[in-house]
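Dock chain B against chain A, hints included.
Number of protein chains: 2
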Amino acid sequence: MGELTRELRELLDSNKVGVVATTTKTGRPRQSLVYYARDGEQLLISTLAERYKARDVERTGWASLCVMGHESPYPAATFYGPAEIVRAGIGPPTAAIVQRIADLPEPPPVQTDEALAAIGRVVLRITVDRVSAVNYLT
Amino acid sequence: MGELTRELRELLDSNKVGVVATTTKTGRPRQSLVYYARDGEQLLISTLAERYKARDVERTGWASLCVMGHESPYPAATFYGPAEIVRAGIGPPTAAIVQRIADLPEPPPVQTDEALAAIGRVVLRITVDRVSAVNYLT
Chain A
304 MGELTRELRE LLDSNKVGVV ATTTKTGRPR QSLVYYARDG EQLLISTLAE RYKARDVERT
364 GWASLCVMGH ESPYPAATFY GPAEIVRAGI GPPTAAIVQR IADLPEPPPV QTDEALAAIG
424 RVVLRITVDR VSAVNYLT
Chain B
304 MGELTRELRE LLDSNKVGVV ATTTKTGRPR QSLVYYARDG EQLLISTLAE RYKARDVERT
364 GWASLCVMGH ESPYPAATFY GPAEIVRAGI GPPTAAIVQR IADLPEPPPV QTDEALAAIG
424 RVVLRITVDR VSAVNYLT
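So the sequence lines, in the order shown, correspond to chains A and B.
Count along the first sequence from 1, then add 303; that gives the number in our numbering.
Count along the second sequence from 1, then add 303; that gives the number in our numbering.
This is chain A alone, in the form it adopts within the complex:
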């Protein structure tokens, strides 16, 4: 904990997408582009329980997210940590992520856990344990 400097918080808060990585059953990396939200030292990604990345996290308990600025020199950092698939209390973070995806002025109405479960939605939550970044971000 306490891994996030001001510069790293700014990188996370001024960008919306990152590349999440998990480990497959055969020990290989799996990557995909995702929108995320930050809650303190936790990174939150909305996904579907059936997605391979969610299954990887349930099996391995670990993930990383690489976040970058989108112009040269492409400042970037990778956030590593224990990860879990969360199904309870996920209405507010899901709304926060949807707000960022759709660039809404306010979060959309919060859905209940039951409504989100009915459409298979879960939250992949990474608790930042270690950061690897270009030197001017650390």
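Mixed in with the good hints there might be a few duds.
It does not matter which identical chain is meant; a pair holds if it fits inside one copy or across any two.
To be verified - With a straight-line Cα cutoff of 20 Å, these simulated SDA-like cross-link-like pairs (lysine to any residue) come out:
{"id": "1", "residue 1": "319", "residue 2": "330"}
{"id": "2", "residue 1": "319", "residue 2": "372"}
{"id": "3", "residue 1": "328", "residue 2": "403"}
{"id": "4", "residue 1": "319", "residue 2": "373"}
{"id": "5", "residue 1": "328", "residue 2": "433"}
{"id": "6", "residue 1": "328", "residue 2": "363"}
{"id": "7", "residue 1": "319", "residue 2": "415"}
{"id": "8", "residue 1": "328", "residue 2": "377"}
{"id": "9", "residue 1": "319", "residue 2": "409"}
{"id": "10", "residue 1": "328", "residue 2": "362"}
{"id": "11", "residue 1": "328", "residue 2": "434"}
{"id": "12", "residue 1": "319", "residue 2": "436"}
{"id": "13", "residue 1": "328", "residue 2": "432"}
{"id": "14", "residue 1": "328", "residue 2": "424"}
{"id": "15", "residue 1": "328", "residue 2": "435"}
{"id": "16", "residue 1": "319", "residue 2": "375"}
{"id": "17", "residue 1": "328", "residue 2": "422"}
{"id": "18", "residue 1": "319", "residue 2": "434"}
{"id": "19", "residue 1": "328", "residue 2": "373"}
{"id": "20", "residue 1": "319", "residue 2": "377"}
In case anyone wonders, no lab produced these hints; they're calculated from the structure.
Nothing here was measured: the structure is a model prediction, and the numbers come from that model.
Just chain B now, kept in the frame of chain A:
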């Protein structure tokens, strides 16, 4: 082979940076932002032999690269495949990558393998074997 549609080639050729992933000794994903160049169905990354990602590739023989467009809706694809650390004949690809990094009109002078070895430079080469992408890119 033959994994790259026209749309995927355009994604690769119109962008410069991606997030490379390898697997650590403990089986966890490692990620970092890199510049790359494409040579047919191979993706080339200039790195240092001492970097953890190079050691991961020498140990596992596998890597992936996630490449994205830098504006909403952030089109993205992950390119997976066998990977190796190359030390011979790396002058031209290294020059091609430097040209992309520095946005030069022409590639810089090609260095010999010996000159690159003296500064620890190697090329991480991924041969694309499988692609996972948003549907409008496949």
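query = Which of the stated hints cannot be reconciled with the structure, identified by number in ascending sequence?
reply = Per hint list: 1, 3, 7, 8, 14, 17, 19 violated.
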